[in-house]
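*Asks:* Residue numbers (the numbering used here), protein chains in the order written: chain A, 1 to 111; chain B, 1001 to 1111.
Check before you lean on any hint, since a few could be wrong.
[Stated by the list, open to error] Not the full set, but computed from the structure, chain A residues with beta-carbon under 10 Å of chain B:
| hint | residue |
| --- | --- |
| 1 | 4 |
| 2 | 35 |
| 3 | 83 |
These are computed hints drawn from the structure, not numbers from a lab. We put the CB at the ideal spot given by N, CA and C, even for glycine.
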Amino acid sequence: AAGVIQSPRHLIKEKRETATLKCYPIPRHDTVYWYQQGPGQDPQFLISFYEKMQSDKGSIPDRFSAQQFSDYHSELNMSSLELGDSALYFCASSRNTDTQYFGPGTRLTVL
Amino acid sequence: RKEVEQDPGPFNVPEGATVAFNCTYSNSASQSFFWYRQDCRKEPKLLMSVYSSGNEDGRFTAQLNRASQYISLLIRDSKLSDSATYLCVVNFTGGGNKLTFGTGTQLKVEL
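Required output: the full structure, derived from the provided sequences and hints.
*Replies:* Shown next as structure tokens:
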């Protein structure tokens, strides 16, 4: 069965640079969620979109923004990167408010 | 205090053992409950949803006690492949559909 696709899988950036993470949900899933998991921590909710509209917002820094496009894929844009932004970024998708399925994640390292 | 609390472990058990994990949550207006499994550096994968009536899936049994705000997971006949971190996850009412994770309980099954 098709799963959530995330790209890139690994990303290395310097401080103050920008990064864009992409997420392609499972086909026919209309809701996308972004989570951040720091080293040794549990995943923390950042933001979600339902039918291309922001549906909920968590602990997402103002330096980050995201959107969902007409084909339901989503992008997380991160600017002025800081060392503390180094983490695994997971995207999950669901159909309405059904069970969330996670992608393999993007490992971001900020040097 | 975290909204979802778990004993971080590690739980080191021999193959074939029965092991139980517990989780408590602070918000009584909680909507739905899950156990996810996470292998090192991989995405969380849904193990099972948890219902008030209790539910079983093969060697795994989950229980929910809403009065005590307590969730449990029982694994029977542990296999080496069960070694992972088990995340207790709650979807709080009024919290959109974002998931709140416990810190996870690490299980190591040994020969």
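*Asks:* Against this structure, judge whether each hint is valid.
*Replies:* Checked hints:
{"no.": "1", "hint": "4", "in the structure": "holds, 8 Å"}
{"no.": "2", "hint": "35", "in the structure": "holds, 8 Å"}
{"no.": "3", "hint": "83", "in the structure": "violated, 19 Å"}
This entry does not satisfy hint 3, going by the numbered hints stated previously; all others are met.
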